[in-house]
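A.B. asks: Residue-level listing of the chains:
There are 2 protein chains.
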Amino acid sequence: MNRSSGAILVLSGPSGAGKSSLINKIKDHIGPTYFSISTTTRAIREGEIDGVHYHFVTVDEFKKDIEQEMFLEYAIVHGNYYGTSLGPVKKALKEGKLVIFDIDVQGHDAVRNRLSDITTSVFITTPTLEELKKRLYTRSTDTQEVIEGRIEMAKREVQRISEYDFLVVNDDLEEASEILISIAKAARMKIPTLQINEFVHQWEEQS
Amino acid sequence: MNRSSGAILVLSGPSGAGKSSLINKIKDHIGPTYFSISTTTRAIREGEIDGVHYHFVTVDEFKKDIEQEMFLEYAIVHGNYYGTSLGPVKKALKEGKLVIFDIDVQGHDAVRNRLSDITTSVFITTPTLEELKKRLYTRSTDTQEVIEGRIEMAKREVQRISEYDFLVVNDDLEEASEILISIAKAARMKIPTLQINEFVHQWEEQS
Chain A
0 MNRSSGAILV
10 LSGPSGAGKS
20 SLINKIKDHI
30 GPTYFSISTT
40 TRAIREGEID
50 GVHYHFVTVD
60 EFKKDIEQEM
70 FLEYAIVHGN
80 YYGTSLGPVK
90 KALKEGKLVI
100 FDIDVQGHDA
110 VRNRLSDITT
120 SVFITTPTLE
130 ELKKRLYTRS
140 TDTQEVIEGR
150 IEMAKREVQR
160 ISEYDFLVVN
170 DDLEEASEIL
180 ISIAKAARMK
190 IPTLQINEFV
200 HQWEEQS
Chain B
0 MNRSSGAILV
10 LSGPSGAGKS
20 SLINKIKDHI
30 GPTYFSISTT
40 TRAIREGEID
50 GVHYHFVTVD
60 EFKKDIEQEM
70 FLEYAIVHGN
80 YYGTSLGPVK
90 KALKEGKLVI
100 FDIDVQGHDA
110 VRNRLSDITT
120 SVFITTPTLE
130 ELKKRLYTRS
140 TDTQEVIEGR
150 IEMAKREVQR
160 ISEYDFLVVN
170 DDLEEASEIL
180 ISIAKAARMK
190 IPTLQINEFV
200 HQWEEQS
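Line order of the protein sequences matches chains A and B. At position 30 of the first sequence the residue is numbered 29 (numbering that gives the first Met the number 0), and the sequence of numbers has no breaks. At position 194 of the second sequence the residue is numbered 193 (numbering that gives the first Met the number 0), and the sequence of numbers has no breaks.
Keep in mind the hints are simulated off the structure, nothing from the lab. Keep in mind that the hints are not guaranteed to be accurate.
Each pair may be met inside one copy or between any two copies, as identical chains are not told apart.
When the alpha-carbon atoms are kept at most 25 Å apart in a straight line, the in silico SDA-like pairs for lysine to any residue are as follows [as the list claims (entries may be wrong)]:
#1 Lys18 to Ile75
#2 Lys132 to His54
#3 Lys96 to Ile180
#4 Lys26 to Lys154
#5 Lys26 to Glu177
#6 Lys132 to Ile195
#7 Lys26 to Glu173
#8 Lys96 to Glu177
#9 Lys96 to Asn196
#10 Lys24 to Ile180
#11 Lys26 to Thr57
#12 Lys62 to Pro191
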């Protein structure tokens, strides 16, 4: 019974807060996981691989999937569709995996509404906005305009931290990953209400 | 900011599920903790120490504390008053400790209602009712009547598992303690809403 039947860990936070580094650091220490890959209609960028960074689809394909309720959540950001397909998530949950989502606050909201009993969510951020700016300008992979867009989005998202179960301030990568490992391990133990009802039923039966 | 400002871990579950053994096994692996000691009006039993097992008080003293709102929660069980005094809990939280409560479902309900943002709760039980009975009769520290009372109470409490964040089935002590350690470590990272609001405020200010 203590074997997990699959659970969800949502990671949100501004671009530049170090989510990818954190995920890389913890991924071998938290048991079997499935990293959810988003589906998008935006153009593929240099260096991106279809099926690794995103599932790239046409607007028509995306709209057809919306109609057929194939998405756990989807949204339009800067004119492009982004969504999470239900199929692979269901499969991974059935295999008892911890499904990890790297999604924004809108996405978190949608996942939380549909699968609250097995969802744990973490907001990851820098200690200050100043530090976020510094990191975004230092890594300089983006244009000035993109960076400014990210900063505006970060300001809006930070206002909604209290909707999350946990806040991890990524000041020290070692410390932050240790905290995230504990949270991920605990997240795996969330049990769907249905399964709890079944347990309670069986608990009494066998007497 | 990732330093915890104190949090609460509620452990419930039938007598005989092995809560005490579990607590003993994990207590040195989860950082600074304070084990809440209940206050009761029931008579002190042989081997019990005032201030260690319970704070033993008179009915008049207890009622005075109720009037002065000194309890986080209290209840009457088998004609005796049992309660959790607020003072030591507040002090421990202020010291950044994880406050651990070994209380029943009524107590959990009360703590959850008052301090939900920093509370994580775990229901600990045996794999089956049959196994619980076996353990209670084997340890034979109680009379037949007391054991039957415990079994009836267990049956009622198990119906409310879904009110808890986690269910830990104590089948294998090693496995159960490992799970509980992860949950306790994560529980410590729960941040009070007030402190999150303060963080959000400061996050933007310093820019």
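A.B. asks: Next step is simple, just say for each hint if it's right about the structure.
C.D. replies: Do the hints match the structure? See the list:
1. Lys18 to Ile75: Answer is within: at 22 Å inside a copy they meet the 25 Å cutoff, but 49 Å across does not.
2. Lys132 to His54: Neither way: Lys132 and His54 sit 29 Å apart in one copy and 54 Å across, limit 25 Å.
3. Lys96 to Ile180: both (15 Å within a copy, 20 Å between copies)
4. Lys26 to Lys154: Neither. Shortest intra-copy (28 Å) and inter-copy (40 Å) distances fail the 25 Å Cα cut-off.
5. Lys26 to Glu177: both (12 Å within a copy, 19 Å between copies)
6. Lys132 to Ile195: Intra 45 Å, inter 21 Å, cutoff 25 Å: inter-copy only.
7. Lys26 to Glu173: For Lys26 and Glu173, the Cα distance is within 25 Å both inside one copy (14 Å) and across copies (24 Å).
8. Lys96 to Glu177: both (20 Å within a copy, 18 Å between copies)
9. Lys96 to Asn196: Within. Shortest intra-copy distance 21 Å satisfies the 25 Å Cα cut-off; inter-copy 33 Å does not.
10. Lys24 to Ile180: Intra 9 Å, inter 21 Å, cutoff 25 Å: intra and inter.
11. Lys26 to Thr57: neither (31 Å within a copy, 55 Å between copies)
12. Lys62 to Pro191: neither (30 Å within a copy, 41 Å between copies)
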